[in-house]
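**Q** Below, each chain spelled out in residue letters.
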Amino acid sequence: MAVHHPGSRAGSGVALKSIRETIVHGGGRSLFATLNVVPMIDLFTMLVIFLIQQFSASGELMLVNPNVAMPKASTMKELERAPIVALTRWDGQDQPGDLLFENTKIISQKEINEVKYPSWDIKPLAEVLKKSWVNQQKATGPTPEKTKQIRDNRKIIIQADRTVPFAVVKMVMATCGRNEYREPNFAIMVGQEKAGAAP
Amino acid sequence: MGGGGTGKGGVADATLNVVPFIDLLACTICFLLISAVWTQMSRIDVDQALPKASPKPPPTPPKPEAKINIMITQTGYLVNLWNADKIATPKPELVTPKKLAVKPDELKIQRNNGAVDKFKVYDQDKLRETLEGFMRDASLDDKTKVMVAADDKVQYIHLIMTLDTILTACKDKEKKQCLKNPSVGDSNLLRQEGFATFD
Numbered sequence: 543m544a545v546h547h548p549g550s551r552a553g554s555g556v557a558l559k560s561i562r563e564t565i566v567h568g569g570g571r572s573l574f575a576t577l578n579v580v581p582m583i584d585l586f587t588m589l590v591i592f593l594i595q596q597f598s599a600s601g602e603l604m605l606v607n608p609n610v611a612m613p614k615a616s617t618m619k620e621l622e623r624a625p626i627v628a629l630t631r632w633d634g635q636d637q638p639g640d641l642l643f644e645n646t647k648i649i650s651q652k653e654i655n656e657v658k659y660p661s662w663d664i665k666p667l668a669e670v671l672k673k674s675w676v677n678q679q680k681a682t683g684p685t686p687e688k689t690k691q692i693r694d695n696r697k698i699i700i701q702a703d704r705t706v707p708f709a710v711v712k713m714v715m716a717t718c719g720r721n722e723y724r725e726p727n728f729a730i731m732v733g734q735e736k737a738g739a740a741p
Numbered sequence: 315m316g317g318g319g320t321g322k323g324g325v326a327d328a329t330l331n332v333v334p335f336i337d338l339l340a341c342t343i344c345f346l347l348i349s350a351v352w353t354q355m356s357r358i359d360v361d362q363a364l365p366k367a368s369p370k371p372p373p374t375p376p377k378p379e380a381k382i383n384i385m386i387t388q389t390g391y392l393v394n395l396w397n398a399d400k401i402a403t404p405k406p407e408l409v410t411p412k413k414l415a416v417k418p419d420e421l422k423i424q425r426n427n428g429a430v431d432k433f434k435v436y437d438q439d440k441l442r443e444t445l446e447g448f449m450r451d452a453s454l455d456d457k458t459k460v461m462v463a464a465d466d467k468v469q470y471i472h473l474i475m476t477l478d479t480i481l482t483a484c485k486d487k488e489k490k491q492c493l494k495n496p497s498v499g500d501s502n503l504l505r506q507e508g509f510a511t512f513d
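Protein chains in written order, with the numbering used here: chain A, 543 to 741; chain B, 315 to 513.
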């Protein structure tokens, strides 16, 4: 089939561009309204940059029990991965809270006293700490140095509710110290205690 | 999306399809918002000074050196400088425990579930002033050990607030020489070190 010259089109003979457009589009608004997305992309990009800056993986290191409201302090030291001993809310002798190791209940805090454990060695906690230490000695890292670092780590995170009495905290610390974990780290929330504020 | 023609030449203002880019940004924002940790956690490192924590006593007794002792009682702080005669400018009067009474106020902190915890208010400012005074009067450096012990019933929040105050006590206004070696111990140890009559 031969190719023909298309010939003149409607409005092609009109000199002024605006009149030609009117003729072509029938004088109405354009069917395809364009949206300027540049400010939106700018906003999104700024948001992404802000969120990436705020992103912190350290919070993922610790599972915070809902019954543990940690006290606030202004010290800024990043948490490192270590076994976690948690002490939940102490609400008097009737509701004394629990002692958890890696979010598993070990015993009730009511049982933690010098009468039951005169040498300050809480037996059920000592057993799980010993197991944890044995497992830690089997752990390996990507390099020999990292493996040594993992195996020699004697840190333990103590995550206690602000209401827990010192008598319980000191016995937990003593038990950890007797069972290889001699470097206690108290987990805290960054901030300052203010009356009425929720954790 | 098309492009404007310029007669015989190529396309002058080619438009970029930004829709996938916007999709990617939107997905990234959603991911970052969901995974964001809005509560920042931190840690306070302490040394253990619990007599029952180590199964064997150290082979050689530690060298006597000046250290600050802080006892948290139900009624306030007791602070003294132990081994004050071991420093270059001995000031034996600093050995006498200084009492910093609790304030008459009450600190009420609301929990996430709406329950309210009530705490005593210890005088953190006076404690910081006292510690800074010790550092200046006895020419102590930032390596000076600070031992903290508490009554059994003292709540954990007061231990953390005290440790936080210690770590922010500095000899100079530039905050270059600040205390950084707190240890947590037992009140019986402090009874031997100048607090024999505190209760």
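Derived by calculation from the structure, the hints in this document are not laboratory data. Worth double-checking, as some hints may not be accurate.
Not everything, but these chain B residues come out facing chain A in the computed CB check (under 8 Å) [claimed, not checked]: (1) I336; (2) A350; (3) D359; (4) Q362; (5) R442; (6) E443; (7) A464; (8) D466; (9) L473; (10) I474; (11) M475; (12) K494; (13) S497; (14) L503; (15) Q506; (16) E507.
Glycine residues also receive a C-beta, built at the ideal position from the N, C-alpha and C atoms.
**Q** Now look at each hint and say whether the structure bears it out.
**A** Taking the hints in turn, this is what the structure says about them:
1. I336: With a closest approach of 6 Å, the I336 of chain B hint holds.
2. A350: Status holds, d = 6 Å.
3. D359: holds, 6 Å
4. Q362: Nearest chain A Cβ about 5 Å off; hint holds.
5. R442: Hint violated; R442 of chain B Cβ to chain A Cβ min 12 Å, cut 8 Å.
6. E443: Since chain A brings no Cβ nearer than about 17 Å to E443 of chain B, farther than 8 Å, the hint is violated.
7. A464: Constraint on A464 of chain B satisfied, holds at 4 Å.
8. D466: With a closest approach of 4 Å, the D466 of chain B hint holds.
9. L473: holds, 6 Å
10. I474: holds, 4 Å
11. M475: holds, 7 Å
12. K494: violated, 10 Å
13. S497: violated, 10 Å
14. L503: Check failed: Cβ of L503 of chain B comes no nearer than 11 Å to chain A, outside 8 Å.
15. Q506: With a closest approach of 17 Å, the Q506 of chain B hint is violated.
16. E507: violated, 17 Å
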